Amino acid sequence: MLKYLLNEDEKELYQTGGDKTMKIIMTGNEAVARGAYEAGCHVAAAYPGTPSTEILENISNYKEINSEWAPNEKVALEVACGASIAGGRALAAMKHVGLNVAADPLFTIAYEGVNGGLVVVTADDPGCHSSQNEQDNRLYAPAARLILLEPSDSQECKDFTKLAFAVSEKFDTPVLLRLTTRVCHSKSLVELEDRLEAPVKPYIKNAEKYICTPAIAKLRHVVVEKNMLLLKEYSENSPLNRIEWGAKKTGIITSGISYQYAKEVFGEEASYLKIGMSHPLPDRLIKDFAQGVEKIYVIEENDPYLEKHVKSLGINCFGKGSIPVCGELNPEIIKKALLSAGGETGYTTGLKAPSRPPVLCAGCPHRGMFYTLSKYKDAVVAGDIGCYTLGTVPPLSVTDTVICMGASITAAIGMEKIARREGRKTKVFSCIGDSTFFHSGITGLVDVVYNKSNIVVIILDNSITAMTGHQENPGSGKTLMGEIAQVVDIEKIVRAVGIKEENIRVVDPYDLAATEKAVQDAYGAAEAFVIISKQPCALLKSVQKKRAGLSYAVDQKKCKKCKACMKIGCPAVSNKNGEIKIDKTQCNACSLCAQMCKFDAINKVGE
Amino acid sequence: MGNQTNILIVGVGGQGTLLTSRIIADVAVQLGYDVKVSEIHGMAQRGGSVVSQVRYGDKIYSPIIKKGDADIILAFEKLEAARWLDYLKPDGMVIINNERVNPLPVMSGKMKYPDDIHEKVGALVPDTMIIDASTIAEKCGNQRAANVVLVGVLSRVIGLPVDEVKKAIERLVPSKALEINLKAFQQGFSH
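Chains as they are written, first to last, in this note's numbering: chain R, 1 to 607; chain F, 1 to 191.
Bound-form chain R, shown alone (with noise of 0.2 Å):
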């Protein structure tokens, strides 16, 4: 399949594998996987982020590839990097605010260039479905001089995946491959291929290439503009960039899963230009294109990137002022946006339906300490990535900022500093999870005791990467590829860094009355202060066996119905017209509820 997306003179330089065809249909994210596998890729490293989790996921399937879940995605792409320069094919995956972290190293590596294909993966989140902006990482390749190639659907992240490698290798650069929310979960057919088996090339040292100091760096600086030249003639010429033909009065500037929308509202009643490597973008084909046809719009999500470019070019195009850059699209906007049609609907009930908002689970460990903070009105408290940031969900409404990987600690010194400043008596708490804080949380918690700062640090450690789907972790003692790992002790690590040993308690979140004694130490305490609340995620494996059939049940004779049940939030727990109930298929016996009840009227059932 991927010869479609060669040149003449290319088919011969790249083999495709096999010719056994077999149609599967596979989520964006196992295509991208294959495609990796398929091109015999050798190292493979991420962090877990909502939409890309599932990739690295599926490349762990492949035991021809290394891969591993790196503590963040500077890590994973460095990873990648080091891979790529002895001569291996490496693949780094991470969502779009991932990248952000990974920026410092992606920017150099372009400058460096690679010896085995080194492709970087983003996957964006229009809509923010699970994430903390919508940010439009397209942007990254002209910023970074990369090749940027995006996919509409899992037979095109499969073959552009494969072809990635390939042009690295070819022009010495990094591809950045753009997946979104859609085209990673969406389902398509893909016709599978054999595995091409790339030796790994020869290591030979070149400082003039691998070691960016000022001299050296001015000097690649100059290569990779050259680079880009060559670059631009190949997206001139690469089939990844098509024209399809149609009606003339109307012409498609698109890319992406916007493509496939377009597809699905204009059909054959408009003329195509399907963007597959959107930099460098192929100015004489944008040119041509727009000639051929009458009236030309730019479908697109989020930010108006191929727009400007077209308009650069000084071609008269529609997009953003009618499509807009705020949110996912779908083809019902593009039809109100441009036809004026659509968002026609079947039928409304007119009932109004109570949402179904996301909660704590039920025997959540992170619910403990957070009913412990809610006590404390006067306290602060930064928040942090991770399932704990749903501590902002009421009754428990605890945590007043997040801001992204690791700034729970680091925003509390920031505001720490002010409040003792202006004498204001706050204290300054911050949540973090384990997986977090292996992520970006130990430099900020450096920096907690380097600068004296007197804040208290809570990490919550369930000893997994929960909100994602429970990826292993440095702390949980295995890795992507199943083997037993060391495990990092986070405790030791808080030692370390010099936090004093009559500060740090470690407690277990389902004793209220060791958590309540331990904040109320941190509360008091006047340096910084650390809490590891132990407990691993009720949802795991391990814990569901363990916890099988057991429940709490409310004896309705003794029940007072005072709710004081309620304020913990539990999702388990429900006032059925006055009477509390205990739903026992969710209930896993964490007892919590049992702790806030007076009158003895909770129990525990089963054994």
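What the hints contain is simulated information worked out from the structure, not anything from laboratory work. Remember, predicted model here, so these are calculated numbers, not experimental data. No residue lacks a Cβ here, since even glycine has one placed at the ideal position from N, Cα and C. Where hints are given, some of them may not hold.
[Claimed, not checked] Straight-line Cα separation of at most 25 Å, DMTMM-like style, residue types lysine to aspartate or glutamate; simulated pairs: (1) F/110 - R/303; (2) F/110 - R/489; (3) R/335 - R/303; (4) F/59 - R/244; (5) R/335 - F/86; (6) R/352 - F/71; (7) F/89 - R/328; (8) R/584 - F/132; (9) R/23 - R/197.
[Claimed, not checked] Here are some of the chain F residues that sit facing chain R, going by a computed Cβ distance under 8 Å: (10) 18; (11) 37; (12) 61; (13) 79; (14) 85; (15) 89; (16) 103; (17) 108; (18) 109; (19) 117; (20) 119; (21) 124; (22) 142; (23) 177; (24) 189.
Put chain F on the given structure of chain R with help from the hints.
Leaving out everything else, chain F in the frame of chain R:
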């Protein structure tokens, strides 16, 4: 664009909607159709509103269904049927599982679960069907096979070949649960 079938499968996280969409898509692939499925994995959670979109036909572009364009809405839960009803085509069909899962605002007593949802939907949509999939599944041996009972109902309604669906179930359901699931499918199909 020729023949296309658009199926919207809605429910609550933990009800097994994913397996249902997987089975339907797998059958459509075996029948030689172009197939697209869209599922959003948001913040992994139990109890959230979940939706799977399955589209198949000669050629499918968008993986998502437009409002007013679903041939069938298969609702695993009553409230979800009401929530997604504006996706149904004017002459479309709704299959509602007679199951109620209270959302958090209802459990905390802040909001009311609407009464008589299926009667209200039925008054609007002539082709409305209500089914007790959990009860049927329980009789087959496990309440959790309700999703496959619904696969049976859906297969009959859209005319999928029984043998192909059974083969898909065999491919996608773990072998120890296979017998119960095949029974559940048959019961749903002949319902």
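Okay, the hints, checked on the actual structure:
1. F/110 - R/303: Answer violated: residue 110 of chain F to residue 303 of chain R is near 40 Å, above 25 Å.
2. F/110 - R/489: 43 Å, violated
3. R/335 - R/303: Holds, at roughly 19 Å.
4. F/59 - R/244: 16 Å, holds
5. R/335 - F/86: Measuring from Cα to Cα gives roughly 17 Å; hence the hint holds.
6. R/352 - F/71: Holds. Residue 352 of chain R to residue 71 of chain F sits at ~24 Å (cutoff 25 Å).
7. F/89 - R/328: It holds: about 23 Å lies between the C-alpha atoms, which stays within 25 Å.
8. R/584 - F/132: At roughly 22 Å apart (the allowed maximum being 25 Å), residue 132 of chain F and residue 584 of chain R satisfy the hint.
9. R/23 - R/197: 22 Å, holds
10. 18: 11 Å, violated
11. 37: 4 Å, holds
12. 61: 4 Å, holds
13. 79: 6 Å, holds
14. 85: Where the cut-off is 8 Å and the nearest Cβ of chain R is about 5 Å from residue 85 of chain F, the hint holds.
15. 89: 6 Å, holds
16. 103: 4 Å, holds
17. 108: 6 Å, holds
18. 109: 4 Å, holds
19. 117: Check passed: Cβ of residue 117 of chain F comes within 7 Å of chain R, closer than 8 Å.
20. 119: 11 Å, violated
21. 124: 5 Å, holds
22. 142: 14 Å, violated
23. 177: Given a least distance of 17 Å, the restraint on residue 177 of chain F is violated.
24. 189: 23 Å, violated
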